[in-house]
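Novice: Order-wise, the sequence lines are chains A and Z. Using the numbering used here, the letters of the first sequence map in sequence onto residues 39 to 379. Using the numbering used here, the letters of the second sequence map in sequence onto residues 839 to 1196.
Think of the hints as simulated: they come from the structure by calculation, not from any bench. Incorrect hints may appear among the rest.
Straight-line Cα separation of at most 20 Å, EDC-like style, residue types lysine to aspartate or glutamate; simulated pairs [stated by the list, open to error]:
| no. | chain 1 | residue 1 | chain 2 | residue 2 |
| --- | --- | --- | --- | --- |
| 1 | A | 124 | A | 284 |
| 2 | Z | 845 | A | 147 |
| 3 | Z | 1082 | A | 284 |
| 4 | A | 293 | Z | 1055 |
| 5 | A | 212 | A | 163 |
| 6 | A | 282 | Z | 1085 |
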Amino acid sequence: MSKHVAVVGAGIAGIEAASILNAMGHSITLIEKNEILGGHINHWHQLFPNRRQGRDLLEKLYEKMDDSIQVQYGKEITSIKPFSGKFIVTAADGWVTNADAVLMATGFDLFDAHKKEEYGYGIYDHVITSADLEEIFIQGEGLNPRLGKDPQRIGFIHCVGSRDEKAGNIYCSKVCCITAVKQAIEIKELYPSVEVYCFYMDLRMFGRHYEELYQEAQEKHNIQFIRGRLSEASENKQGGVVVKVEDTLLGKPLKLTLDLLVLMSGMVAPVAVTNMRDKLGLAKVDDGFLKPVDPHTQANLSELPGFFMAGTATGPKTITDTLTDARSAALEIDRFLKEII
Amino acid sequence: MKADGKKLIWKEYQKEIADDHYFYARSCIRQNFFPGSEKAFTRIMKDELGKDLCDNQHHTSCTGIGYHTDVVPFETTMTVIARQFSLMTEAGYSNYIASCITSFGLYTEIIETWKHFPETLEKTRDFLYKATGREFTVPNNLAHASDIIYKFRNEIAAKAKYRLVDKNTGSPLKVVEHIGCHYSKMFPHKGVGGAEYPYVLTGMIESWGGEVVDYPERRHCCGFGFRQYAIQANRGFSIACSRKKFDSMEPYEPDMIITNCPGCPMFLDRWQYALSEMEGRTYGKDKQGIPVFTYEEVAGMLLGYDPWQLGLQVHQVPAEPLLDKIGIEYDPEAKFKGPNGEDMGKPAAPSYLKFYQE
């Protein structure tokens, strides 16, 4: 008799793990709080480093999904309780299922850029987040409807809500640097004459072909990378965004007016998942993400037998790392289920 | 600009402000800079709002300027402030109001220090007792005087004779609000509206009929940074700060500036004169400058107090064009007369900035 696995979250980690576990012969319920599969990738236009469409990646993952996977949409899980060697998984609308194992593929939330009050998100008309910019790319109408003109100068602020003790997040969100490089190139392709500035603390081009994309941004597109954090943004009479930044390489303060300021919002742990973690009495990490038993050898296991985690539920990851992690979790779950038979 | 975005932030930064029975500590310098402001505050509190206010003559400087310029050690400052609190305790009050922004910031810093490092509170009690034989309790409620006027802004609006409105067009006046740095930049949750988009003066301006001007250098210091001004060699930085603000606000054609700090109105007002003499540069219409007021002066003006009793004649930038715009009555002949009608004499006219009504 096949064992039942509840996979919480149908982003890319959940879909990948569900497909593999299903192919291994387990019965899978994939539970998604939204009405569509795919999570954040639905809102991402192009992916780094090869600029493929986000939609294209999702199609590839959907192809592997077998119809026998039960998908539950619109189910926000509010409680997971261990009971007699199983887990009772309950949603906000009262829906309940029992599972032999649970995989938390609950992903991340975007850092709420309103919290960086001095950057003016939600106050100044032309301050947006990286996620807002992806939506603009997806809409395909460029920046003109928003700005009322072709942009002349655009700035990207790296590390918004990441590596920021004041925001309560000391970790790096990993994907923002390369996303900013990718978005800056997309902007230059749309508007070749626009001046683009990226304001960064450190550029973390750790992934395969990231450095090449960064090089292309500088050499081919003349995108300016300035090491320095934004101290404040304000709005001038024409609706431009006036930014004050220190160029820490030159040791000089800079003040310039931009047509658009893009805040590279980092990843944060979803509050509901952190609360669930605490209710289950699982090990805590201060940043709210789930904590694996061992970061190297048991990166998908919790102290609670049968309760697993994958993807950005345990901390910021790239797409490649998320999918790899999901496959690793599927193997761990398969091993666990075989042991309990 | 999205007004709703600011409203969300303002909700996050609301503070408890006591509604009566206050111990009032005046500023060292405000009575020299803007001599009618503190008097206007006590008059509004007692006569207009019917509040119980203890205006105690025995308190001293809080040592703020000395502390921030590294002349006075922190232990001394804590002991001096403990003495102020002992006067409050002795008078039977527990709600403390500071007239000065730097004092308010320093009181906040010290109360927070005592909270986080209780041994410093015990040490201060010991120092004060040994030096003066006094004892004290920490205030239940600490507010800046502008918090109090903010709290009662609608009551003041209801009693006001005038509004911040152009009498000829009915349009709201365009008002620049400038908050003293020590109000909330150090402890954002201790100021109404926080540090980035403070609401304390904006709330008054909205209640009194004006329209707030948000300009790019709104957050910038007025130029009264102690290390800029108190050190003579650095004064160029001070005037450069003020100039940066004037250049930034000028395109919005503000009718006036309202401030809540002792130094800000002083520097934003007097440096307009200095800039005009140095560069021949004036701001505002017809070389009249942009008039600068304390919030008590504005409240007093709108309540119909005599502008010369409010001390507006000591402003470097003349207030009359604004009084005329609102329709506030005043006697131009009385501007340079003393309380008994004696002629105090006209000051010399600046080279560029208009000082007299001509």
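Novice: Let me make sure I understand: some of the numbered hints might not hold for this structure. Which ones are they, in numerical order?
Specialist: 1, 2 and 5
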